[in-house]
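Peer 1: If you want the building blocks of each chain, they are given just below.
There are 2 protein chains.
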Amino acid sequence: MTFDAAASGIDRRALLRGLALLPAVCGALGSTAALAQGTPGAALPSWHDGAAKQAILDFVRATTDQGSAKFVPPEDRIAAFDQDGTLWVEHPLYSQVVYCLDRVPAVVAQKPELKTVEPFKTVLSGNREAMAKLSPHDLETILAATLTGLSVEAFEAAAGRWLATAKHPRWNRLYTELVYQPMLEVLRYFRANGYKTYIVSGGGQDFVRSYSQRVYGIPPEQVIGTAGGTRFGYDKNGKPFLTKEPKLLLNDDKAGKPEGIHLMIGRPPRAAFGNSDGDREMLEYTGAGAGARLMMLVLHDDAQREYAYGPARGLPATKVGAFTPALDAEAKQNGWTVISMKNDWTRVFPFD
Amino acid sequence: MTFDAAASGIDRRALLRGLALLPAVCGALGSTAALAQGTPGAALPSWHDGAAKQAILDFVRATTDQGSAKFVPPEDRIAAFDQDGTLWVEHPLYSQVVYCLDRVPAVVAQKPELKTVEPFKTVLSGNREAMAKLSPHDLETILAATLTGLSVEAFEAAAGRWLATAKHPRWNRLYTELVYQPMLEVLRYFRANGYKTYIVSGGGQDFVRSYSQRVYGIPPEQVIGTAGGTRFGYDKNGKPFLTKEPKLLLNDDKAGKPEGIHLMIGRPPRAAFGNSDGDREMLEYTGAGAGARLMMLVLHDDAQREYAYGPARGLPATKVGAFTPALDAEAKQNGWTVISMKNDWTRVFPFD
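One line per chain: the protein sequences are A and B, in this order.
In this text, residue positions in the first sequence follow our numbering: the first is 1, and each later residue adds one.
In this text, residue positions in the second sequence follow our numbering: the first is 1, and each later residue adds one.
Warning: the hint list may mix true and false statements.
Since the list can't tell identical chains apart, any single copy or any two copies may satisfy a pair.
Claimed, not checked - Below, computed lysine-lysine pairings styled on BS3-like, alpha-carbon distance capped at 25 Å:
{"#": "1", "residue 1": "Lys121", "residue 2": "Lys133"}
{"#": "2", "residue 1": "Lys332", "residue 2": "Lys239"}
{"#": "3", "residue 1": "Lys319", "residue 2": "Lys254"}
{"#": "4", "residue 1": "Lys332", "residue 2": "Lys342"}
{"#": "5", "residue 1": "Lys70", "residue 2": "Lys239"}
Calculated directly from the structure, the hints in this document are not laboratory data.
Isolated chain A, as found in the complex (with noise of 0.2 Å):
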């Protein structure tokens, strides 16, 4: 069998529902124009007029104006961005453990020994209802199966025939479509303001970084992830190349986000925007810089454009993406700023 739901016809959404505890990692760019700093208003269309809309012009406006006590030098423009939920879909569960379930035929395929192993057996049986009660250990397996052991370059093209070919259940779109059109004006915003902007993803970062350029404008090296460990070797040629290993070097989710800005980037961003607890480590960091900072969540209610989630303010608990009580309270002790999905947003997705 295959995981393409396009193809297989398979209800996904039920299957994956019961899975999706690991971080991981999709998004639809348009043309990059230039925005000038003296058309604010023009910047971020899909935007309503509201608390939110204007932390995020007032924050550019006085950083990037010279005058400004808040101005923050151009070497120092650094914005941060999580992704799944922040830039987009997460929901039924994020992209990548779709991609490693997908992967684990191909995977198979190459060891066939693997076929009568758990939890391999029960992905390639199809059984919805046994995939749905894989355990973590389950899915770490999976991860670490499909993730690693191949060279950078099959990893790449694996990621990208995916990619250009897996759609999601509810819309039966690609996966790099379902990016939030407002996200990406604030991306263009903050980078036509002289900002660097930066993915911080628990999702793999050679994952992320295989289609960043494309859907984000966001060079692979500024995309910050859960990142393994390569090993240098030569093929049977004599060329270089690199394997991926099954060795972590960073967890980027939680505290690890902090830690990852810190070894990828080496000092705190100015901004920072999440979505769950996964990045109230990162905004708690970026808010203890000195000078000016703007810290936002995105607040997932609205289940008719998208979904709705928290388990704050009522939303429901789910388990990919939490925007907790605790959270919700931070935020408004600290001032971080929450953008409501339904209220702040005039389009959801680059094709509404």
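Take the given structure of chain A and dock chain B to it, following the hints.
Peer 2: Chain B in isolation, oriented as in the chain A frame:
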């Protein structure tokens, strides 16, 4: 005692010649004048005309000329530079090792129980003969004790104080003054032509980042070095901070250089500059990519103006740096260009 050479009057050269087995890290930069493509002859004023200068000019021109078959799009213009022996002096000992030895008194002041424990006892004794016999393991112990266990901010402050005062024993100048003027010109020339310049150093990532912008015009996020983990936590006032941990994430030397480049950049650079066996894999990895590539090696053959060591080409072997006959042969076979410090550079330092 202190290891500040200028203050102590200790002959550090004799002392340090016996140490120096670890990868480590310092630099001086002038203004960043725009280097128009139209005036390449003016781009590298401290270079004699010759094969090395021509290789740089030809590569940059071809890769930035839209009409050239070797054209490289701006987002792929990445150039990587080793630091020790490539951008600044590495003799008689890597500057960062000197820094670590100098830090021992401060570490012992914090942890008096180390006063009678080796190798700290020997370093504190000032007995130069005994210090010259410290083993690589002793030095590792000293590096771990002096580079970890403190906050990122405390480390940056300590490194900053040292860099502002410690002087090289031969020139009696700050380490950051002992950068190679011709290489500063190469960095600027690449940047003026749309290349992102990276340092890829065996030295400590946080150490090099503390002065990279000021000295080389390279921002912290474009410094890849030997990197340890950090741990996120909160101080007694609840303010978040990162502590440097004695956990090695990346040994950025030899095969670790391409592995570090993949971790931090996500693809091979288009150009790579080195000077020793520690840079071999980085140059191989750079050369293995498709399209135009430039690989160059600095040969230290100038005892009068700097140092002369190989052991290739009849130059003496030293404990720091190793341009071996095998590296020389590989350079010839692969078309890597060797830069003769003596013949290719009209001057070595900005103060010459």
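Peer 1: Give a verdict on every hint.
Peer 2: Verification of the hints:
1. Lys121 - Lys133: Within. Shortest intra-copy distance 13 Å satisfies the 25 Å Cα cut-off; inter-copy 58 Å does not.
2. Lys332 - Lys239: between (55 Å within a copy, 17 Å between copies)
3. Lys319 - Lys254: within (16 Å within a copy, 43 Å between copies)
4. Lys332 - Lys342: So Lys332 and Lys342 pass the 25 Å test inside one copy only (19 Å; across, 64 Å).
5. Lys70 - Lys239: between (51 Å within a copy, 21 Å between copies)
Of the numbered hints stated above, none is contradicted by the structure.
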